[in-house]
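Visitor: Once you've looked at the hints, dock chain B against the given chain A.
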Amino acid sequence: MPMQAHEIEALLRETFPDADIQVGGSDGVHMSAVVVDESFRGKNRVQQQRAVYAALKGKMDGSDGELHALALTTKAPE
Amino acid sequence: MTDVNNRIDEIVKAADVVLFMKGTKDMPQCGFSSRVAGVLNYIGLDYSDVNVLADEEIRQGIKDYSDWPTIPQLYVKGEFVGGCDIVTEMTLSGELDTMFEDNGVAFNKDAADKIREANAQ
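Going line by line, the protein sequences match chains A and B.
So for the first sequence, the UniProt record's numbering puts the first residue at 1; every next one is plus one.
So for the second sequence, the UniProt record's numbering puts the first residue at 1; every next one is plus one.
Worth flagging that the hints you see were computed from the coordinates, not collected in a lab.
Hints may be right or wrong, so weigh each one.
Listed below are the simulated PhoX-like cross-link pairs for lysine-lysine, each with C-alpha atoms no more than 25 Å apart in a straight line [said to hold, decoys possible]:
hint, chain 1, residue 1, chain 2, residue 2
1, A, K75, A, K59
2, A, K43, A, K57
3, B, K63, B, K25
4, A, K59, B, K22
5, B, K25, B, K13
6, B, K77, B, K22
7, B, K25, B, K109
8, B, K63, A, K43
9, A, K43, A, K59
10, B, K22, A, K57
11, A, K57, B, K25
12, A, K75, A, K57
13, B, K114, B, K63
14, B, K13, B, K63
15, B, K63, B, K77
16, B, K109, B, K63
17, B, K77, B, K13
18, B, K77, A, K43
19, A, K59, B, K114
20, A, K75, B, K25
21, B, K13, B, K114
The following block holds chain A by itself, in its conformation from the complex (with noise of 0.2 Å):
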């Protein structure tokens, strides 16, 4: 079951309550998230990254994870 837009957005939402959020894609398969927080600075990309595939709960990684694809941009802000 693909998962939409909002769905991510509140999920990582939950693990991020402050960050700048911004989740594209339409077909709930091949998705893209920004999340901008300050939680990043300091952290290399993967532990960056690391941090919100966890705050996706294993939407990702099981063979019938509903998510595919999230192309991922994480950064500290500016």
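Guide: What follows is chain B alone, placed relative to chain A:
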């Protein structure tokens, strides 16, 4: 450590650069894997490709091993570097070049520059 972890451990330490991907470097079977393999092929990098579609145990095991839910996954000198987004960003920023240079991994610098020129908006 489970035996699949041991297997993966050996694989990532057996070559300087290892790419876990869907398909093979010559026949990628997923857009994201194809993009990363494409970059590595274009810059003439010698790397070991592991087709996770041919080995279900590795396909699931690699996600636990690196705590990273998606494929492809790039490893340099046994260290997890990232997936398609990160490798793409690092290619365009030049960090990929620095990482390879720092690890004594040979590649074609002009080709890497060409990728950046082609992507410079």
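Visitor: Determine for every hint whether it applies to the structure shown.
Guide: For each hint, the structure was consulted:
1. A:K75 to A:K59: Holds. K75 of chain A to K59 of chain A sits at ~22 Å (cutoff 25 Å).
2. A:K43 to A:K57: Since the Cα atoms of K43 of chain A and K57 of chain A sit roughly 20 Å apart, the hinted pair holds (cutoff 25 Å).
3. B:K63 to B:K25: holds (20 Å)
4. A:K59 to B:K22: Between K59 of chain A and K22 of chain B the Cα gap is close to 20 Å, so the pair holds against 25 Å.
5. B:K25 to B:K13: holds (19 Å)
6. B:K77 to B:K22: Judged against 25 Å, a Cα distance of about 21 Å means the pair holds.
7. B:K25 to B:K109: holds (20 Å)
8. B:K63 to A:K43: It holds: about 21 Å lies between the C-alpha atoms, which stays within 25 Å.
9. A:K43 to A:K59: The given pair, whose Cα atoms are some 23 Å apart, holds under the 25 Å limit.
10. B:K22 to A:K57: OK: K22 of chain B and K57 of chain A at ~23 Å, within 25 Å.
11. A:K57 to B:K25: Measuring from Cα to Cα gives roughly 31 Å; hence the hint is violated.
12. A:K75 to A:K57: Status holds; Cα separation ~20 Å.
13. B:K114 to B:K63: violated (32 Å)
14. B:K13 to B:K63: Since the Cα atoms of K13 of chain B and K63 of chain B sit roughly 17 Å apart, the hinted pair holds (cutoff 25 Å).
15. B:K63 to B:K77: holds (18 Å)
16. B:K109 to B:K63: Judged against 25 Å, a Cα distance of about 31 Å means the pair is violated.
17. B:K77 to B:K13: With a Cα-Cα distance of about 6 Å, the restraint between K77 of chain B and K13 of chain B holds, given a limit of 25 Å.
18. B:K77 to A:K43: This hinted pair holds, its Cα atoms lying about 21 Å apart.
19. A:K59 to B:K114: Cα-Cα ~37 Å, so violated.
20. A:K75 to B:K25: violated (30 Å)
21. B:K13 to B:K114: Not OK: K13 of chain B and K114 of chain B at ~30 Å, beyond 25 Å, violated.
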